[in-house]
Amino acid sequence: MNDESEVKRDLEALRKVSSRELPDLETTVRMARQRVPETGPWPWKLRREIMALLHSIRTRPAVAAAVLGALAILVASVVPVSYQRVTGQDVALTLAGKEIGAHDLRTVAQDLEGLLGSGAVRVDASAEAGGSQYVFRTTSTKRAGPEVQHAAMEFARGLAAKGYSASVAVTPHRERVRYPAVAYAFDQIIRISVDGKSAAALEAEIRDKLAQAGVPDAQVSVTDHPGGGRDIRLNVERQHVGDVGIAPEPLPQVVLEKNGAPLLGGEGFAVKIQKKKINGATTLTLDVTVNGKTAKVEVPNSDTMSDAAVTDAVRSQLRQAGIDARVTVTNGKIEIEPVK
Amino acid sequence: MDSRDDAARWQRLIGLLKPIHLQAVATSRRLSRSADDGDDLYQESVLRAYEKLNGLRDESRFRSWFFATLLSRHRSRVRRPRRDAVSIEGAFDRGAEPVGEDGTAWEEERRRAQRVARALAGLSPEQREAIVLHDIEGFSVEEIAEMQRVTLSAVKSRLARGREKLRRFYLRHGLKSGTAPYLESRTAGTMAWPVKERSHER
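Chains as they are written, first to last, in our numbering: chain A, 165 to 504; chain B, 33 to 234.
Just to be clear, a hint being listed does not mean it is correct.
[Stated by the list, open to error] In silico lysine to aspartate or glutamate, DMTMM-like type, Cα no more than 25 Å apart, as pairs: (1) A:K209 - B:D71; (2) A:K209 - B:D38; (3) A:K172 - B:D38; (4) A:K436 - A:E499; (5) A:K436 - A:D471.
[Stated by the list, open to error] On the chain B side, residues computed to face chain A include the following (Cβ under 8 Å): (6) V57; (7) R62; (8) L79; (9) F94; (10) R142; (11) R144; (12) A149; (13) A153; (14) K197; (15) Y202; (16) R204.
If you're looking for bench data, these hints aren't it; they were derived computationally from the structure. Heads up, the beta-carbon is just placed ideally off N, CA and C, and yes, glycines get one too.
Based on the provided sequences and hints, a complete structural model is requested.
So, in structure tokens, the structure goes:
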């Protein structure tokens, strides 16, 4: 006799023992039916279904993940979040020069309002050495900064042609809005298709979309290589000053797409530079992506370090992440070039 | 109207259950911690079958359909956290104690049953089902695959792994040829089934 036959004998014993005094079918059915409440079967069924669902969630990680994902989407679609959003462009037209009467002011204000499709135009007057100066302030509801800038500049040129001294300043108008989190997420992602666009057109589009998203000062450069390929550079610098608990305004993420799919890895090169000044200490943070490899570089107290020391710190952290790049720091300005 | 429909559905279910009732309730006990627990599992399965009965189109497949329901309830119960650890000791001590032909046969069977029940408790629910359905109930691999809703190779794998685990359990406890069919001092006192059982297979 070996242990296998011993198992067989025991299983046979279990078969016999568990067959003793089995309840009859009528008793079983009667007991089962007693489990159903006499009245109100639908709430009982609903409760049972809910309990079964909860049980499935508890015991099956995949179901739990799916339900949590669905809940997150539901919450993101319904629950609003409060955040800063560029809702238009603030336009300040400064007018000075020859004698400007009340009628002229009204005409300029009306023309500006009609041109920009904006709301009311406020006029601030101040006395300057050479005469009066008027600043027309209004907010255009158009989010595209360059478009508004172009229109306002044309308007100013027209006024200059009439003998006025006119200048224009256009800045993004931000408002704290409350939209569902999904809308917030979409606001933070800028999708741009590169299909069939020239370098200049793509560069203008990236700059325009970033300006719409509240980043009017992005340095964008798109150049075509003679031998083929395209170099797209985007440089946005932000300095956050505040306490540890205050998060900096998030920068939107630019996603370039080709044939409807995001350009990932490949020959991509991206650097995101952030300087956070918290409690007097500046920490330099760089997110570097080179050919699919990513690295997060952090240099604490970077403002107290020499350019050479910052260069070494950045370069060594990039090397540790397996990224070979040329790093140049000049008066605190950082340049990173991938080594080809 | 509803109650008439309910009654008709119960009658239909009873008619379908009659031929398989004894085997199904015995299987429930073999899969469970105790006879009481097995009876409870069976009642739960009957109730579930009643709820889903309108979805059964082909009555000739009722047996495998019902056993699939039973296995589903079994796994739900196993995965459900239980505060009551049920003792295997006395798990099959129901009713009177008739004396066997030699006066000890029933007692020995009971102890053997407890021993293998303890070994089966160490398997995953799916492996335990495969062993019980194949090695005790005599179902074919194909039938078990239909009940467990998996492939034939999955059932074979569960059987092989389950048997290997049982063999190792017996080796670990020195239960080879010539040893007494008891777990000696290890089984003395209360021996609880594992409250948390692994729900995955290796």
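R144 of chain B as chain A interface residue, shortest Cβ-Cβ below 8 Å = Result: holds, 4 Å to nearest chain A Cβ.
Would you mind confirming whether the straight-line C-alpha gap from K436 of chain A to D471 of chain A stays at or under 25 Å?
-> Judged against 25 Å, a Cα distance of about 18 Å means the pair holds.
Distance restraint between K209 of chain A and D71 of chain B, which requires alpha-carbon spacing of 25 Å or less | OK: K209 of chain A and D71 of chain B at ~22 Å, within 25 Å.
Is the shortest C-beta separation between L79 of chain B and chain A less than 8 Å?
-> At 5 Å from the nearest chain A Cβ, L79 of chain B passes the 8 Å test, so the hint holds.
F94 of chain B as an interface hint toward chain A, with CB separation required under 8 Å | This hint is violated: F94 of chain B lies away from chain A, its Cβ roughly 14 Å from the closest one there, beyond 8 Å.
Restraint satisfaction for V57 of chain B [CB to CB of chain A, less than 8 Å] | 5 Å, holds
Hey, K209 of chain A versus D38 of chain B, does the alpha-carbon distance stay inside 25 Å?
-> 14 Å, holds
Once the shortest beta carbon distance from R142 of chain B to chain A is found, is it less than 8 Å?
-> 6 Å, holds
For the hint on R62 of chain B, does the least C-beta distance to chain A fall short of 8 Å?
-> 5 Å, holds
Going straight from one Cα to the other, do K436 of chain A and E499 of chain A come out at no more than 25 Å?
-> Since the Cα atoms of K436 of chain A and E499 of chain A sit roughly 11 Å apart, the hinted pair holds (cutoff 25 Å).
Answer holds if the nearest beta-carbon of chain A is closer than 8 Å to that of A153 of chain B; otherwise answer violated.
-> Constraint on A153 of chain B not satisfied, violated at 12 Å.
Double-check Y202 of chain B for me: the hint is only fine if its C-beta lies closer than 8 Å to a C-beta in chain A.
-> Since chain A brings a Cβ to about 4 Å from Y202 of chain B, closer than 8 Å, the hint holds.
Violated hints, in rising order: 3, 9, 13, 14 and 16; the structure is consistent with all others.
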